[in-house]
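J.: Chain residues, written in single-letter form:
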Amino acid sequence: MSMSVIRAAEIKIAEAKKNRLVKGPVHLGVGQEAIAVGVSKNLRNTDRIFGAHRSHSHILGVDNDLHKLFAEVLGKNTGFSGGMGGSMHLASKSKGFLGSVPIVTGTVPLALGAGLASKLQKSGDIAISYLGDGATEEGVFHESLNFAKVSNIPILFVVENNLFSSHMHMSLRQPLNTINRFAKAHEIETKLVDGNDVAEIYRTSSEFIRKMRLQPEPYLIEAITYRWFGHVDWREDIDVGVARSKKDLLNWKKRDPIKRLSNAMIDKKIWTIEKQHTLDLKVNELIDVNWEKALKDDFPDRKSLLDNVYKYD
Amino acid sequence: MIKTTYSDAILSGFDYLLKNYPEVFILGQGLWSPWYVGNTMKNLDKKYGKDRIIDTPVSESACTGAAVGASICGMKPIVVHPRMDFMLYAMDSIVNQAAKWSYMFGGQLNAPVTIRSIINRGGSQGAQHSQALHSWFAHIPGIRVVMPSTVQDARDLLISSVLSPDPVIYIDDRWLYEQTANLKPIKETPLNALTPKCLKKGDQITIVGSGYSTLLALNASKKLNSDGVRAEVFDLRVLNPFNSKSILDSVLKTKRLLVIDSGWKSCGMASEVITSIVENVPTNTLIDPPRRITLPDCPAPSSEVHEKDYYPNEEKIIKFINDSYYF
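Residue numbers (our numbering), protein chains in the order written: chain A, 1 to 313; chain C, 1001 to 1327.
So that you can see chain A by itself, here it is in the shape it has in the complex (with noise of 0.2 Å):
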């Protein structure tokens, strides 16, 4: 799905939340969008992709089914997770997109046993564990690398570092502001990447998922970005973030993903201008259509409360 979709989908969500029609927290990754998409162009529905809090990109990454996000978002019956998860607990199996939620690394050690499966059973699938900045902070993440590292696990590390775990900048968190320096201590190749460089991330991740499906190995990505809303919600937190202003938010905004290659294809002579305002249309009218059809979809019924706690009955 493209990058212009992503955002239209969150700002949508966004407002609604705001006018209170979402009910759970919603974290949006409105300014990310080109960390998921670039990575995603080069997954099958066989690879295992594991999210975290902020994942509407990385499922919409693998899965355009946009109805089906609008209705999980809005606790619909029809949703990715049929209404019993909400923004923070999206799935998509059938494009190998296995689970996200909101504990923050709790998703990291799975994908890794994903990684070890696909290696056992020797289908060349591979492994995405979608992390951010504050996720290297916990002990499991370092524990993964080198697991990963010493048992040959095929597993794509995609950090993405907006700078910020929720409201503190990561100069008040750690030592040094990249966090690749935890890679090599492992030995695992990476690579320092514009995380706003769409073309730069598919790329690099091309270049990494093409040698990890041919040799078992892990690698790292890091992927340098900026939320433009705060950590949870439509707001945009300038207030309530340490080390977060609105000359930054500002300046991040010149950064745009979506425009930088708009404009890029512009110069290059390969789109117009008239062209991506077709778009913005179509784009719209897509949100539109998918958002009144999950509106008018049912909750999940009162009598499933107990269902699924487990397989066997």
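The hints are simulated quantities; they were obtained by calculation from the structure and are not laboratory data.
It cannot be assumed that every hint is accurate.
Said to hold, decoys possible - Quick list of the computed label-pair ranges, beta carbon to beta carbon:
# : chain 1 : residue 1 : chain 2 : residue 2 : range
1 : A       : D301      : C       : I1002     : 51 to 59 Å
2 : A       : M168      : C       : P1057     : 24 to 32 Å
3 : C       : K1019     : A       : K311      : 19 to 27 Å
4 : A       : I103      : C       : I1002     : 42 to 50 Å
5 : A       : D301      : C       : C1267     : 28 to 36 Å
Stated by the list, open to error - The calculated lysine-lysine pairs, modelled on DSBU-like cross-linking and capped at a C-alpha distance of 30 Å, are:
#  : chain 1 : residue 1 : chain 2 : residue 2
6  : C       : K1197     : A       : K311
7  : A       : K184      : C       : K1050
8  : C       : K1245     : A       : K311
9  : C       : K1316     : C       : K1265
10 : C       : K1046     : A       : K122
11 : C       : K1042     : A       : K149
12 : A       : K122      : C       : K1019
13 : A       : K246      : A       : K259
To be verified - Computed list of chain C residues with no C-beta within reach of chain A, every gap over 10 Å:
#  : residue
14 : D1045
15 : K1047
16 : A1127
17 : Q1204
18 : T1254
19 : S1271
20 : S1302
21 : V1305
22 : D1323
For each residue, glycine too, the CB sits at the ideal point set by N, CA and C.
Using the hints provided, position chain C relative to the given structure of chain A.
T.: Below, chain C without anything else, positioned relative to chain A:
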């Protein structure tokens, strides 16, 4: 016929699973050394290869998470924690992830991982090398908890656990490893079909145990028989989800209930068993108040002197019954 020990029964369960299910693999610390897990996994690495029997870095959290992740991807992993105390590093993967993976995603995914956790106590090992925390895990919806007490169950519950589509914590106790019995041929049984089992018939008191405490209950009740006390003994086997039906029927008959547990008293498994019976029997059914024998509410002592007072044993149980009941 040569009798099998409890620890060999576990080994034969692993062997059966590895032989018949290529998706089974095992990871954990000490799997290439008899030092950690006794004979229960002896030579499995040599027979099935170090790809399937993985001795891991000192990373309980990542290893348990990896087992959960692999289980979501069609494998049947078993992660082994040679001592339950160390498993606490892995609580997120067990409680937040494995137990909820089916529910959170509306049933489209599941995490059929088996977590083998060993209770290893006594011998002045002290507060951090002795815990039996089955009650904690039995509190969590979505995770099945089993405690084999008999040699037969040591093998068969392991097989049922690994074949279960749900995450299971399988808890064995080193104090049971020398028990022996003749094993019946393997017959795969779905875990949800297994419930508490009556190991000895009686009509004066129902005694319930799990794991090692079942053995204590059984041995004590056999000795009490010669004093004319007819105790009925139940082994819980599956602690979560807990099916109290057969125990309830027994208590309706014996009208007395005693629970013996290897965990602590407060909010423990004994409390759960007693409550689930008491709230389901008619008023005035019980001749005596329901009672429990548990660990005292203090960490495991290192001192040999204190250890003797800390752990329940056969003699204490017999004395407790003789002192507390008039049959």
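J.: All the hints need checking, so say for each whether the structure fits it.
T.: Hint by hint, here is what the structure shows:
1. A/D301 x C/I1002: 51 to 59 Å: holds (56 Å)
2. A/M168 x C/P1057: 24 to 32 Å: With a Cβ separation near 30 Å, A/M168 and C/P1057 satisfy 24 to 32 Å, so the hint holds.
3. C/K1019 x A/K311: 19 to 27 Å: holds (25 Å)
4. A/I103 x C/I1002: 42 to 50 Å: At roughly 49 Å between Cβ atoms, C/I1002 and A/I103 fall inside 42 to 50 Å, so the hint holds.
5. A/D301 x C/C1267: 28 to 36 Å: holds (33 Å)
6. C/K1197 x A/K311: holds (23 Å)
7. A/K184 x C/K1050: Holds, at about 27 Å.
8. C/K1245 x A/K311: holds (22 Å)
9. C/K1316 x C/K1265: With Cα atoms ~16 Å apart, C/K1316 and C/K1265 stay inside 30 Å; holds.
10. C/K1046 x A/K122: holds (21 Å)
11. C/K1042 x A/K149: holds (27 Å)
12. A/K122 x C/K1019: Within the cut-off at roughly 19 Å; holds.
13. A/K246 x A/K259: holds (20 Å)
14. D1045: Non-interface label stands for C/D1045: nearest chain A Cβ at 15 Å, farther than 10 Å.
15. K1047: holds (17 Å)
16. A1127: Non-interface label on C/A1127 holds, nearest chain A Cβ at 22 Å vs cutoff 10 Å.
17. Q1204: Correct as stated: the minimum Cβ-Cβ distance to chain A is 36 Å, above 10 Å.
18. T1254: Per Cβ check, C/T1254 is outside 10 Å of chain A; nearest 31 Å; holds.
19. S1271: holds (22 Å)
20. S1302: holds (28 Å)
21. V1305: holds (37 Å)
22. D1323: holds (42 Å)
Every hint, counting from the list given before, is met by this structure.
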